[in-house]
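Asker: First to last, the sequence lines map onto chains A and B. Position one of the first sequence corresponds to residue 1 (the numbering used here), numbered consecutively onward. Position one of the second sequence corresponds to residue 1001 (the numbering used here), numbered consecutively onward.
No wet-lab data here; the hints were simulated from the structure. Heads up, some of the hints might be wrong.
To be verified - With a cut-off of at most 30 Å between alpha-carbon atoms, the simulated DSS-like pairs for lysine-lysine come out as follows:
| hint | chain 1 | residue 1 | chain 2 | residue 2 |
| --- | --- | --- | --- | --- |
| 1 | A | K119 | B | K1013 |
| 2 | B | K1094 | A | K96 |
| 3 | A | K248 | A | K25 |
| 4 | A | K110 | B | K1229 |
| 5 | B | K1017 | A | K110 |
| 6 | A | K301 | A | K267 |
| 7 | A | K301 | A | K289 |
| 8 | B | K1093 | A | K106 |
| 9 | B | K1093 | A | K119 |
| 10 | A | K138 | B | K1229 |
| 11 | B | K1017 | A | K106 |
| 12 | A | K138 | B | K1094 |
| 13 | A | K267 | A | K248 |
| 14 | A | K135 | A | K96 |
| 15 | B | K1229 | A | K135 |
| 16 | A | K135 | B | K1227 |
| 17 | A | K26 | A | K106 |
The residues making up each chain are set out below.
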Amino acid sequence: MIEVQNLSKSYGDRQAIQSLNFTVKKGEVVGFLGPNGAGKSTTMKIITGYMAPSSGQVKVAGFDIFEDPIEVKRRIGYLPETPPVYQDMLVGEFLKFVADLKGVEKSRVKSLVDGALQKTGLENVRTRLIGNLSKGFKQRVGLAQALVSDPEILILDEPTVGLDPKQVAEMRQLIRQLKGQHTLILSTHILPEVQASCEKVIIINRGSIVAEDSLEGLSRRMSGGGQMVTLKVRRNQDAVARGLGAVKGVHKATNAGNFIELETDGKDETVEQVAAFAVQQSSGLMELKVQSIGLEDIFIKLTSNEAQA
Amino acid sequence: MRAICTLAGRDLKSLLKSPMFYVIAGLCTLLWSYSYMRNLLEFADQSRMYMQPGMEAGMNIQRGVFLQHISQINLLFIFVVPALTMRLIAEEKKMRTYDLLLTSPISATQIALGKFLAGWGAIGVLTLISFLYPLLTRLVADYSVGPLLSAYLGVVLVSGAYVAVGIFASSLTESIVLSVVMALIFNIMLWFISQGSGGISNPLLSAVMEYLSMGQHFLNFILGSIKLKSLTFFISLIALFVFLTQRVVESSRWR
């Protein structure tokens, strides 16, 4: 659906992105991850045809972004960092304007506007002035604006920035609903967001891609297949820790004070045996937690490695 | 075509709904009402004095009243049009709604034309208000309408030129203040471009300067003669600035 080849962009002397290569297939939900200033927004702006690359090629649904910008733009719904809304328009009126602007067939305008209002939960504010809405609602109007032409591709640039926790949860819920209907690219520097919504992750740092994989693939790759298991027991913590060290599949067991930390080979049987052992010792098992290496760790590892190199 | 109408419609509506438009229209009306009334009464006084047999040939309402009205409209428009057009593109950039326009399936030409038509429409409403004065005079005085219509065609064209200049200035910057100042200076430059023509001895150069004189072309319309070269002058002036705007909008794609 989207093919990016050797994409570079520099602002004067500063290189924002350097020869990016990636593809996004139809129907995928891709998280675009990176610290501030990594080049996420720049890449998205180029894909939407808002700005031109310094070099490289972008193809959307087979159309080159430079040769056929109109065809590309017709297929993309874009929510920039700042929602592009007119303060002096009513919500419904604005969405109708956007639908007309995007060249939606006249007969479909009304149903699409209603659909976008309903999906984003804006039906109650339909006749209110956008300038009078709260930030969270403006953000939703921004999302409705991206949705209203029913585009094949949705590009959302930090959709949850500046929202309160409840609104963030609602926004994620909404993004999950959009899965399957659109190809989705989502940029963020907030990790749980990616874990909550995305199937594939592209991590970008200082203008280059440092990782591109599925969520599970990424954590498997980074942890070398291993797992961390933590246990909490009421009695005999020291003895249990020593005993667990001998269980098959456990590489290392340490008594970390409040809990016992195990490094295992990542197999389900190992976890089963660890649990069985703790119960056998009648040490009063309180808690057993299996942790695969989190996205956060991967992220920090990847982006800080890059910084040292 | 639909994209142009959508864009122009939105901007025109936004302009006509803004309090600023009402303030401007109100103040213009105040000024016109005062001076038009005064001119008309003075003209009536004078024509009564000249009413003796054999003297009526000297009086002409077109020159006596309308000419002043039209030049006052023009003077006001030099300042008012930049105020109406200043926000058209500069504010879109500032409020980031420009992102929406640039990522929509519309061309830079459609954006430039849409903006131009919106501005022209808004100033058209003001022109229409100013047209009421001579129109209502028809109730009390009999005059030939032809020259008046020609003069108003001139007003429509000259305001179109100001609008084109205004959106060009607006496209150059994010700052609304800068946009209005630039548009004002451009407008005044258009009037002063032919100032030096008197001192030029080269006949060719002097003819070129005369052709570039906006005042001369405008005067033709006011005096009731629609000349092809004057029509061409205004239409090319408008086209030039709309084209320049289109280039500036387009440039954001490769800059």
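Asker: Evaluate each hint against the coordinates.
Answerer: Hint check results:
no. : hint               : in the structure
1   : A:K119 <-> B:K1013 : holds (28 Å)
2   : B:K1094 <-> A:K96  : holds (23 Å)
3   : A:K248 <-> A:K25   : violated (42 Å)
4   : A:K110 <-> B:K1229 : violated (48 Å)
5   : B:K1017 <-> A:K110 : holds (24 Å)
6   : A:K301 <-> A:K267  : holds (24 Å)
7   : A:K301 <-> A:K289  : holds (23 Å)
8   : B:K1093 <-> A:K106 : holds (28 Å)
9   : B:K1093 <-> A:K119 : holds (29 Å)
10  : A:K138 <-> B:K1229 : violated (51 Å)
11  : B:K1017 <-> A:K106 : holds (26 Å)
12  : A:K138 <-> B:K1094 : holds (17 Å)
13  : A:K267 <-> A:K248  : holds (11 Å)
14  : A:K135 <-> A:K96   : holds (21 Å)
15  : B:K1229 <-> A:K135 : violated (54 Å)
16  : A:K135 <-> B:K1227 : violated (56 Å)
17  : A:K26 <-> A:K106   : holds (27 Å)
Violated hints for the displayed structure, listed by number in ascending order: 3, 4, 10, 15 and 16.
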